[in-house]
Amino acid sequence: MYTLRTLPGDDVRQIMWRFAERFDLQMTVQSARSIARTTVAKLVSEGARNTHEWTEQKGELLTAFDQAGLTALFMDPHQGGFIEGPKNLALALVAFELAWVDAGAATSSLASCLALAPIHEKGTTEQRDKYMSACVPPQPGEDRKIWRGAFALTEPLPYVGVDTGVLCGKAAVAEWKDGEEPMLQVDKRGRFITNMDFANFVTAAVESNDERIKGTFMVILEEGDEGTFDRGAPTLKMVHQLSSTRDPVLNLKVPASRIIGGYDVVDRVIVPKYNHSEIIGAVFHRTRIPVGLMTSAKLLSAVEPVIRYHRNRFRGGDACKEGSPRYDKGLQINEDALQRLADVWASGEAGCALAFAAARLADRFDPIEKAKEAHFESEGVTSIRKQMAVLRKLHDQVREFIKLEYSAPGTRDEARYNELSSDTLVQYAYMEALAGVLNPGVKLWNTGEGANKMREAVALVGGYGITEDCPGFLMQKWTDCQLEATYEGPEAVQRRHLTMTMTSDIFGCIMENWIGQMRRAGQDVPGLGGYVLASAMELWQWTLGHLQEATDQDGRKLYHNKRQGVTFPMADALGWILGPYFLACDVMELIEKGPMSMTLAEGLDDLTGFYKDLCHVQAARAAGEVARICSELVYGFNWNRCPTPDGGIADKCEPAKKTKDECAQDGTLGDQSKCARPDLARFRELKATIDMCLAGSRLAKDRAGNALAEVMIPEALDYPQG
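Under my numbering, the first residue of the sequence shown is numbered 10, with each subsequent residue one higher.
Treat the hints as calculated values from the structure; they're not laboratory data.
Glycine is no exception: its CB is placed at the ideal position from the N, C-alpha and C atoms.
Treat the hints with care, since some could be wrong.
[Claimed, not checked] Label pairs and their computed distance ranges (CB to CB): (1) D615 with K282: 53 to 59 Å; (2) T391 with H61: 43 to 49 Å; (3) C177 with K602: 48 to 54 Å; (4) E611 with A380: 41 to 47 Å; (5) K566 with K602: 29 to 35 Å; (6) K139 with C177: 27 to 33 Å; (7) D372 with G564: 24 to 30 Å; (8) P86 with T420: 53 to 59 Å; (9) L16 with T391: 51 to 57 Å; (10) R425 with A380: 32 to 38 Å; (11) S392 with D711: 54 to 60 Å.
Given the sequences, and given the hints that come with them, work out the whole structure.
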């Protein structure tokens, strides 16, 4: 048995989320936290969320962000920023701190970054420097106004509200004089566009409505351009009210140089360098991570308010004397209150572990992606199809690198590992496959399961949970979760994305090595849940392979992009696996690096014991969900089986390709142990392994719950309440 002395602090988070050596990120966290727990909390407690309009009171947020340096976070130093290189982890940490109090405020902070993201990812050098520098707050002595942007992708239904591949925004050539730059007429109507109350420019997705322009593209529109820059009516949303949201109407005449990424002229036709899908793909590849993280941050922020509520509940009455268990613990004398909160905490930790892992990967991937593009450009390989062909030839080297990356410490060939680590194309293929799963996985699982768990957190404070003065703003946080599940692509979009990326052979190799890694963890780190997680991964991987080969009663393939009743549940099952896997990695990092921290050395065993139990709880829950989903798909689509459910024998066993008479002749009739369907026998074996590996998981929940009854918390929350 262990004792959790206090709630985890920065010394723990910095190790688990891998920024203990990054002083710049630590200062960024402190700046964001200061704004969240003063300005943001004050706005929420004063009722600023009770209006759809962007008010002068809400405008205090922008000033606070500017003064704290958060507005310049996205920029490079030569553009006025202060962090060199990729900033995905920095943006994720800011989103976490702000969403701890209010996700609408987090959205306000990140929305300008989203507006700049198309320019940052695919813009020309001139476009990047102009707009990134303009969005930095003016320094002392500078006489200029800060610019703020909006990202205008979504359009009125039935267009982009349901399909990002369809656009109603149109562009045509307004004027094209010989020897001069073409002028474009852009007509764009937006829906749910953040920052529109104060945006000076918009990055908009449009489609050609003129034979002199090819395809789709994104374009920069400024408020001073000739034409209509109507900010539109406020969106009557019930969530994220600390962000500005409107439905703008834009009809503007702009130079063709505003096309993001530039363009070529071929036979008197303007050919944009990038279509809108390529730009959106590059943007959403990264910006979905902070959105998913917002929901997980809420779960962790709920822990302290719920504990405080439980301990102060039912203290009244003559029978409740000071010093008695009922007086000291309140509702925490009941196991249910403790264990349900442990579930909330475990889900929050798993979501944060996944999101921060994705953010760190994005930081590593950014320079590799640029190096890959430079390499292919120098080789003259500009076609995407040809690039893919080159990368496919490297799959053996990529798989070799993956095996070395996840091999047991001290057992790998370091010289070969270093050689493959420095190979740009090998690293690109590996990271691209992993990011293709982690980024939609964050957005799908964190917001979906996070919303469910946030409802549980609200329920844990009873009727108090639905009042404005509920501690920790839990009601507002729960309702905000509903928007996060659809923001930057609803759950169906993430499932569709995973359907295509989780079947790659490179990710399959990654999963195989995760399985080996978790089996070693099961042996080396008892109580972590490594064995049950490894067994869940193996069952999922086997089921995926089975579904890709199996057919239904009409001979149609089960795993197909049109069979979303098959592919989408498998995406959900993978989402369940990702969180506890990265939480296990975080806990092992804490076990390894914790002794080096002077503030953690004392009581580290108790702390890591608690985190191992949380990880075990989440791994067991994930394994149960994976087993349920896989069983439904394997047995639910298995038809004409032998024997039949009523005890009879089917005339033909299609999976075994044998008739009843043939089964009788070879002695397998009705005998599943001898049945010529080793695939299902293997499935039953794998599922039974999960059941056995669940041993001890409920004891882990007992211990985690008991620890919550003893942990010390501050006398009051560190931000104001209503």
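How the hints compare with the structure:
At roughly 56 Å, the beta-carbon separation of D615 and K282 lies within the given 53 to 59 Å, and the hint holds. Distance hint check for T391 and H61: the Cβ-Cβ separation is about 47 Å, which falls inside the suggested range of 43 to 49 Å. Taking 48 to 54 Å as the suggested C-beta distance range, the pair C177 and K602 conforms, at roughly 52 Å. Take E611 and A380: their Cβ atoms lie about 45 Å apart, and the range 41 to 47 Å holds.
For K566 and K602, the hinted distance range of 29 to 35 Å is not satisfied, since their beta carbons lie about 47 Å from each other. For the pair K139 and C177, the supplied restraint of 27 to 33 Å holds, since their beta-carbon distance comes to about 28 Å. Look at D372 against G564: about 47 Å separates their beta carbons, and that is not inside 24 to 30 Å. For the hinted restraint 53 to 59 Å between P86 and T420, the CB-CB distance of approximately 41 Å leaves it violated.
At roughly 53 Å, the beta-carbon separation of L16 and T391 lies within the given 51 to 57 Å, and the hint holds. A beta carbon spacing of about 21 Å between R425 and A380 contradicts the range 32 to 38 Å that was offered as a hint. As the Cβ distance of S392 to D711 is approximately 59 Å, the hint placing it in 54 to 60 Å holds.
Hint compliance for this structure: hints 5, 7, 8 and 10 are not met, and every other hint is.
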